[in-house]
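2 protein chains.
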Amino acid sequence: MDDLPKGFRAGAAEACFRKAGRDDLGLIVSDRPCVLAAMFTKNLFRAAPVRVCQEILASGREVRAVVANSGQANACTGDEGLANCRETQRLTAEALGLEPDEVLPVSTGVVGAHLKMDNWRKALPALVQSLGSRDAEGFTRAFMTTDAFPKFAMREVSLTGGLVRLTVMAKGAGMICPNMATMLCVALTDACVEREAWQAMFRRAVNATFNRVSVDGDTSTNDTILGLANCASGVAAMNAGDEKALEDALTAILDTVSHMLVADGEGASKVIHIKVSGAADDEEAELVARSVGHSQLVKTAIYGGDANWGRIVTAVGYSGADFKPEEVSLVLCGIERFRNGQPVNEEMEAELAERLKAKDVDVDIILGSGPGSYSFKASDLGHEYVSLNADYRS
Amino acid sequence: MDDLPKGFRAGAAEACFRKAGRDDLGLIVSDRPCVLAAMFTKNLFRAAPVRVCQEILASGREVRAVVANSGQANACTGDEGLANCRETQRLTAEALGLEPDEVLPVSTGVVGAHLKMDNWRKALPALVQSLGSRDAEGFTRAFMTTDAFPKFAMREVSLTGGLVRLTVMAKGAGMICPNMATMLCVALTDACVEREAWQAMFRRAVNATFNRVSVDGDTSTNDTILGLANCASGVAAMNAGDEKALEDALTAILDTVSHMLVADGEGASKVIHIKVSGAADDEEAELVARSVGHSQLVKTAIYGGDANWGRIVTAVGYSGADFKPEEVSLVLCGIERFRNGQPVNEEMEAELAERLKAKDVDVDIILGSGPGSYSFKASDLGHEYVSLNADYRS
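In order, the protein sequence lines correspond to chains A and B. Each residue of the first sequence is one higher than the one before, starting from 1 at the first, in the working numbering. Each residue of the second sequence is one higher than the one before, starting from 1 at the first, in the working numbering.
Simulated from the structure, these hints should not be mistaken for lab results. Small disclaimer: the values here were computed from a predicted structure and weren't measured. Glycine included, every Cβ here is placed at the ideal spot set by N, Cα and C. There could be a bad hint or two in this list.
Rough simulated footprint, nothing fancy, chain B against chain A, three-plus residues with beta-carbon under 8 Å [as the list claims (entries may be wrong)]:
(1) 70-78
(2) 202-209
(3) 296-304
(4) 355-369
(5) 372-385
Using the sequences provided together with the hints, build the complete structure.
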């Protein structure tokens with residue numbers, strides 16, 4: 001379909017892994033070998049598909065396909081889980097006439113549950129037959145779990161040699177605090193790239209986007225982001241300008257999709273944009289940004305539209321960062337409420353409450369006069385999160 | 001009143017700091033000088049009363065009184081906040097015929113709001129007049145905020161020389177992740193103790209109790225725990241056996257009250273008892289216990305009675321602790337569901353769901369065969385937490 005880069009086809013099928021009446025098995029195939037870049041969760045309990053994809057990445061080989069399921073995450077499932085994962089690789093490769101290690105498996109859903117292999121096998125013929133019938137949205141829908149909407153984006157980039165296309169498809173709503181990658185994300189391009197350059201560009205773009213968002217601070221066992229470049233456009237980055245254009249486009253599209261992830265944080269109603277500046281270095285700024293973005297009290301106050309800025313300052317204070325309290329200032333929705341360690345503009349409360357009704361809430365924290373800064377996006381915390389997660393499996 | 005140790009009197013008054021119709025200013029006075037032990041928040045934004053109490057502790061002087069208010073925390077209030085705090089010390093001391101630095105001020109409530117000094121001054125005569133009219137519960141009620149019930153306990157200890165009494169009064173429902181102390185807690189005893197021994201015993205007891213509980217992971221700006229020993233019983237710890245008896249009693253009573261704190265975590269319906277063993281050392285075990293106790297996904301699942309044990313294992317995996325995934329086991333409510341990195345006892349799901357209905361939920365995590373262990377108590381996360389915190393100030 002025409003929102004995928006050249007040479008890629010997508011398909012999906014209903015395997016009834018958890019519920020009937022929806023696609024829950026998706027497939028992407030490139031008609032030629034792809035250069036692979038990828039990043040994975042830092043959770044020590046790496047899901048079976050994470051381990052398999054890491055092996056493929058380490059081998060340096062080119063790949064052809066991604067097969068994705070929702071329903072069972074195939075994490076914490078031991079040897080049986082790993083065997084099941086390899087079996088899905090083998091069966092997919094057989095049906096497509098590929099080698100098993102040209103197929104990248106990704107899974108999402110309940111941690112600790114085994115893949116329903118009978119369902120998987122039964123759905124495979126329909127999945128392969130569906131190739132070419134789904135667009136980016138169709139593939140994305142197949143690996144949604146509690147996502148309220150599919151998250152994907154497409155972008156064209158003009159390089160010296162012509163146009164190339166980037167398409168990114170992601171899922172994620174809960175257990176989201178990516179650490180080197182998000183829940184599941186597949187980025188496709190028909191540009192021609194070198195393996196090392198692609199991986200380096202990919203890592204920088206992910207660190208600037210997916211690794212700076214959080215819904216609930218829970219880093220999943222399955223976080224995987226794959227980048228497949230198949231050169232079907234015949235267009236390569238020929239010079240530094242081209243490389244910058246491609247990386248900028250990749251960063252921009254990953255930023256767009258990672259924003260969707262936060263906006264659809266389970267039950268989230270708002271995106272909190274946290275910017276920390278004036279820190280001794282970027283690491284100190286990051287500590288502060290993450291502490292504020294993970295604070296349950298900050299997230300519930302912003303959900304409720306309560307201008308309780310003292311909770312933000314409190315989270316700055318226990319972040320573990322080193323700073324002088326008397327040099328700290330806070331600007332909330334453009335209104336300075338705390339300057340050099342003292343409350344200011346108390347008469348702006350009503351105006352601030354008004355501005356807090358917006359979907360996007362800006363939190364700017366100035367720690368001092370140092371060069372360090374960091375930005376981070378977090379979702380708020382509301383009743384819908386509790387409802388969704390209190391009984392997710394039933 | 002007879003649930004306070006000898007020589008202590010308590011009083012309370014209505015100052016209308018936030019709402020009318022309740023006591024919100026409390027006072028404790030000892031009829032003789034007290035040896036002081038204390039621990040305070042590690043939050044860099046220390047509230048004005050925290051800074052004042054720290055000065056008094058550092059001076060090594062004996063103290064006579066504690067004055068506590070709810071409504072405004074007097075934190076992040078700069079120079080004006082500090083001046084207000086010292087003024088409350090001065091006025092209280094004047095009314096009681098004491099030195100200002102014999103009066104320990106503690107505050108709780110909204111961070112960033114100034115103390116309502118006019119209300120404070122107006123309420124002082126009634127407060128002083130009320131001395132002797134309140135028991136431990138009466139004082140505790142005066143510094144409650146969102147607490148659903150007052151948290152206090154009394155205990156008698158038999159030493160070689162006779163009976164001594166311990167009374168502990170605490171408040172705390174949200175912004176609870178004590179780091180070296182809880183939100184606000186006052187422990188009184190009429191035992192005779194040496195300053196260094198009392199402080200050492202106190203620190204060990206707090207580290208074993210209050211520093212091992214969490215409601216929401218937010219460490220407040222005001223956490224303060226004070227221990228006042230006035231020797232009114234005339235009974236001293238005369239030997240190692242006495243010292244152990246006194247410390248054991250102190251630890252037990254602080255454990256009782258810190259358990260109340262978690263049970264009354266804002267909107268909490270359950271207490272999660274996390275025990276980690278088999279770690280390389282206690283620090284690694286602590287990382288795991290805190291990671292599980294702070295996981296929003298674990299807390300919401302347990303709120304909902306969902307035996308979604310994969311979320312617990314996931315939180316173990318991203319804790320930052322170092323261990324071998326294939327050596328990890330998990331026992332939930334007495335049922336082993338994960339052994340050496342693999343799911344077991346899947347047929348016990350229904351029984352497990354039944355056991356999860358209890359108010360107290362046991363989570364036992366065995367990381368390997370090392371000597372390190374740690375225990376931690378956390379509350380669950382439900383709709384009531386969101387409701388209470390989404391619009392706390394209005």
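Verification of the hints:
Evaluation of the coverage hint for the region 70-78 of chain A: fulfilled, as 5 residues show C-beta separations to chain B shorter than 8 Å, against a requirement of three. Here the region 202-209 of chain A counts 0 residues with a CB under 8 Å from a CB of chain B, which misses the bar of 3, and the coverage is violated. Using a Cβ-Cβ cut-off of 8 Å, 6 residues of the region 296-304 of chain A lie near chain B, which meets the minimum of three, so the contact claim holds. Coverage of a stretch by a chain is defined here by at least three residues with a beta carbon nearer than 8 Å to that chain's beta carbons; for the region 355-369 of chain A and chain B the count is 0, and the condition is violated.
Counting residues of the region 372-385 of chain A whose CB lies closer than 8 Å to any CB of chain B gives 4, so the stated coverage by that chain holds, three being the minimum.
Hint check: violations occur at hints 2 and 4; the rest are consistent with the structure.
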